[in-house]
Each structure stands twice: as C-alpha cells, then as structure tokens.
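In order, the protein sequence lines correspond to chains V and Y. Heads up: the first sequence at position 225 corresponds to 225 in my numbering, and the numbers run straight through without jumps. Remember, my numbering sits 280 above the position in the second sequence when you count from 1.
For the record, the hints were derived by calculation from the structure and aren't laboratory data. All values reported here derive from a predicted model rather than from experimental measurement. Take the hints with a grain of salt, since some may be wrong.
[As the list claims (entries may be wrong)] Only part of the chain V face toward chain Y is listed, based on derived beta-carbon distances under 8 Å:
#, residue
1, 48
2, 58
3, 70
4, 73
5, 213
6, 259
C-beta atoms are modelled at their ideal positions from N, C-alpha and C, and glycine is treated no differently.
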Amino acid sequence: MTSTIPAAVAGTLAGPPPPGVAGTRPRPAFATDVAVLAERHLRLMSRRPASIISAIVLPLVFALLFFTVFSRVMRRGGLDYIDYLLPAVVIQAVFFTGMSSAILAAEDALGGTLRRLRTMSVSRPAPALGLLAAELTRSLLSLGVLLAIGAALGFRFHGGPWKALGFPVVMLAFAAALVTCFIALGLAIRRLEAVTTATNLIYFPFMLLSSAFTPAAAFPSWLRPVVEQQPVSRVADALRALTAHDAALARPLLIAGAWLLGLGVVGVLGASRALGRAAA
Amino acid sequence: MSQVALPRPAPVGDTLAMAGRALRLMLRDPATFVLAVFFPLILLLLITVSFAKIVYPGAGYDDYVDVSLPLFVLMGIAFASPFTAAATVTDLRDGFDARIRTMPVSALAPLAGRVLADTARSAITIAVVVVVGVPLGFRFTAGPWAAIGFLLLPLVFGLGLGFLGLLVAMRARDSETVVAVLNPLLLVCSFLSTGMVQRSDLPGWVQPIARVNPFSVVIEAMRALAHGGATTRPVIEALVWSGVLIVGCGVLAVRGYRTRSDRLAA
Chain V
1 MTSTIPAAVA
11 GTLAGPPPPG
21 VAGTRPRPAF
31 ATDVAVLAER
41 HLRLMSRRPA
51 SIISAIVLPL
61 VFALLFFTVF
71 SRVMRRGGLD
81 YIDYLLPAVV
91 IQAVFFTGMS
101 SAILAAEDAL
111 GGTLRRLRTM
121 SVSRPAPALG
131 LLAAELTRSL
141 LSLGVLLAIG
151 AALGFRFHGG
161 PWKALGFPVV
171 MLAFAAALVT
181 CFIALGLAIR
191 RLEAVTTATN
201 LIYFPFMLLS
211 SAFTPAAAFP
221 SWLRPVVEQQ
231 PVSRVADALR
241 ALTAHDAALA
251 RPLLIAGAWL
261 LGLGVVGVLG
271 ASRALGRAAA
Chain Y
281 MSQVALPRPA
291 PVGDTLAMAG
301 RALRLMLRDP
311 ATFVLAVFFP
321 LILLLLITVS
331 FAKIVYPGAG
341 YDDYVDVSLP
351 LFVLMGIAFA
361 SPFTAAATVT
371 DLRDGFDARI
381 RTMPVSALAP
391 LAGRVLADTA
401 RSAITIAVVV
411 VVGVPLGFRF
421 TAGPWAAIGF
431 LLLPLVFGLG
441 LGFLGLLVAM
451 RARDSETVVA
461 VLNPLLLVCS
471 FLSTGMVQRS
481 DLPGWVQPIA
491 RVNPFSVVIE
501 AMRALAHGGA
511 TTRPVIEALV
521 WSGVLIVGCG
531 VLAVRGYRTR
541 SDRLAA
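Same shape as in the complex, but just chain V (with noise of 0.2 Å):
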C-alpha cells in the first residue's frame, strides 16, 4: 500500500525532519505525484467489477450486438458494417471512459481524498491530472479490445500502417478531451446519482444523434445538420477518414482538432475551477 502514496507524502509521514534540516518542506515532484495518483486510480479501477466490465465486456458486447443485428440491413443499403461501426464503438469506449472517470472525480470529492490531497504538499493538478492518465490508459485497452474483435469480424485498416498509426492519436485526443470535461462535470456536481443522470443525458443524444452508428441520410433530413456537424459525427468522420483506403485526409482531421481543441479548453478551465472548489 506504501506506493500508493506520494513520495513526497511518504517524507512527512517520516516524522518530523532530522535537526540538519529542519524547516525545508517537501515539495510537490509533479510527475511523481500525477504517476502516482494514476496508480492508484489504476489500481481502484482493477478492483471494481463494474469498471472492468464497463471498460472491457459492454464495449465487447456493443460492438457484437450491433454487428449481428444490423449487418445484414446495412449490407442491404450497401454498407459494409464492421468497417463503419468500428469507429462508433471506439467512441462509444470513450464515452464509457468519460462516464467513469466523472463518477471517480465525484468520488474522491464526496470521500475527502481531494481535501486530505491539499493539504499535504502534492502538486495542485495532480488529482486531475492522475484520474486523466488512468483514464486513458483505460481507453487504450478498450481500443485494443475492440480492435481485436474489430479484426475478428472482418475490420481493416485499408488506408496503411500511417493512418492506422493515427487512428488510436485521434481516439486519445477524443478521450483526453472528453475526459477531461467529464472529470470537471463530476466534480463540479458532486453528488453520484445526478453525476450518473448527467452524463447519461449528454452521451445517449450526442452518441445516437450523429453518424457513428448510421449514415446521416438516415436521419429525417430536417435534423441531417445537427447530426452532420456535431462533435461526435466529427470525430467519426477523422476516424473513418483515417481507416478508408482512399478519402481527404487534412479536412476531417483540421475540423475534428478544432472541436476537440474547443472541447479540450472548456474542460481545462471547468476542470481547474472544480477542482479547486472541490478541495476547499
């Protein structure tokens, strides 16, 4: 358990400074603490049934349950589908990430860990910053997952190894901003069931309301737009441009980098505010 705590923590449980040097007070080693604090989410997560099995077997099951059922339609409409839900999967991986990473942020609030964290000197961010690589290293094992039984059903990457290459950058930059506002929605809330309410509201509209599941000429054609131009439907369309053979590159990616930049600053500064509120 003794590595669950930062190592400059772990000097002032030590007891009190030898005379030589009394009066230096630890300081915060920022990498340390962030590595540290990911750790222990890391760990927090492994012990949970319900994290393992959202990160890991709803995904899984998602991705085999739109698979079978809509295979056979699509292929009807001309849709090879594998290939095109592959991407609404990953997204819907993150979403699940997002999701747990808000309910985390909620409970280190609700439990004290962020307020015993402040007063001992552990960098400000860390606890943020901690949840954050956890939680994208959670992602990174959702992603190869579904990869996995992406490549099981008949996925490839048919533009090359380099846009494949790109395909886990674009989906790390979708959790890490996505997470990141989650995070700040989490503890800016604060109480588990409405984060849970919260977070659901935001991801069914956003997850069915785009492209990643269905084409948009799917939809009524007064609500094409929205679907069209929302983040989600995007961050789709970069991902789909980096797994095609042949399709434009650079406007997918520019237009999914401006969201994603856009979404990435909100969740930065709500992020930080909640923080420090959540602390106090």
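Place chain Y on chain V using the hints.
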C-alpha cells in the same frame, strides 16, 4: 396460565407493507422514476430517427414506431430492474434485512414487496411511452380488450424480470456488481430479439435464439394485441415465459435471501 402466542408471519400483508415501503422510498428519490420514463423515450425517439430508414428502407418513421414501440416499453421496464436489485443489496448491507429477520416477517415479503412496487413504476413507463408513441405513429387496431392486454402483459413480464434481478442480487457482492452483471444480460436479450429488425434480417444462427428469447416472445404478443392477428398462441407463450421467470427466479431468490439474511442476522 396463558401461553404467549407467537405472532405468525402473514405473507400477503407483509408483502404489501414492504411494497408500501419500497414505493415511499421511490417517491422520495425520484431519480429512478426519471430514468424509467426518459430512458425508453430517448431510445424510442433516437433509435427511430437513426435506424428506421436502414431497417425498413421504403417505410416512414411512423411505421418504425408502430413496430418497435413494444421493444422500447420492455427495455424501459427491464433496465429499471437493476436499480431495484441494487437497492436490495444495499438493504442487506445496511442491516435492514437483519432487523426484519429478527421479527416474524415472511421471507418472501421483502423481495415480493420490491417487485410489486416496481410494477407501479413499470405502469408509468408503459403509459408514458404509449402516450408519446401514439402521435408518432403507434396504432391500436385490435380493439379495446386487446389494447388492455397490451398494457398489462409487460407488467406481468416485468414481475419476472424483477425476480430475475433479485436472484442476481442475492448472489452479488455489492450493488455495483449487480448492475454490472444485469446490464449486459439485458442488452443481449434486447438486441438478439425481433424488436429492432425482422427475424429474417438477423443472421441465421441468431434466428432460433431470437425465436425463443423471452423479449421476442413478449414483443410478438404485444404486437398481436395492438395490431390484430392470432393472439392466443403468442400471449400464452408470453405468459408461460413470465410464469417461469416469476416462479423459478422467485423461489431461487427467496431461498438465497433466507440464507444470506440469516447469515447476516447471526
């Protein structure tokens, strides 16, 4: 010398008392009501606008509502049951049941009371989804008695799902695990059914599963009750599935409850 008469458990009265408690708890924490109403509505609206044209290329959005509404009623009822199951585990951990077991209360009552209280919530789910669905294209064309049957059938099936949730709850370590186990199970039942696409559009290996899946069976019965056609056979099949779930899961859940709450009380 008069002997002290030990009070005897009264299963029916006890169950009603417990159902009253569960209902009061629900009313004081309306979050689950909100979920039970909005979740099926969100699915009905969003799945319809995104998938209708894919599943039935020639038809309108209203036709998809007409066909798929029963599934979203069932999903609304089904995905509320993990919350009840989770609350039951919390009761066990908090010592509520240990306290109840020291008193002459029927061991059926705490569980049956929960499931009964859920029925009230399910009724609201059904009412809201139908009230929203009718202007969007859902039609009752088989007469008033069949329509009443349409509204009641998911309530009966909901009892079975409620006991299924409680059965999982009795074996789970904590309330989070209950939700984490039940959600994937309910998702598989919802998707591998005839609720979203026609059975002939499912892959060959799924078609027999979709045929016997209790969700499909109840959905087909609800469709027959709303739109006409042969109703007797589908309704009997749906009632048989509901009965199997209620009795099977009910007996196993109560047995699990006895062992677990006695161990906690000891």
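Going through the hints against the structure:
Nearest Cβ of chain Y to the Cβ of residue 48 of chain V: about 7 Å, under the 8 Å cut. The hint holds. The beta carbon of residue 58 of chain V is positioned within 8 Å of a beta carbon in chain Y (closest approach about 6 Å), and the interface hint is therefore held. Because the beta carbon of residue 70 of chain V sits about 7 Å from the nearest beta carbon in chain Y, less than 8 Å, this interface hint is met. Hint status for residue 73 of chain V relative to chain Y: holds, with the closest Cβ pair at about 5 Å, below 8 Å.
Interface hint at residue 213 of chain V: satisfied, since its Cβ lies 6 Å from the closest Cβ of chain Y, which is below the 8 Å cut-off. Here the hint on residue 259 of chain V is broken, as its CB sits about 20 Å from the closest CB of chain Y, past 8 Å.
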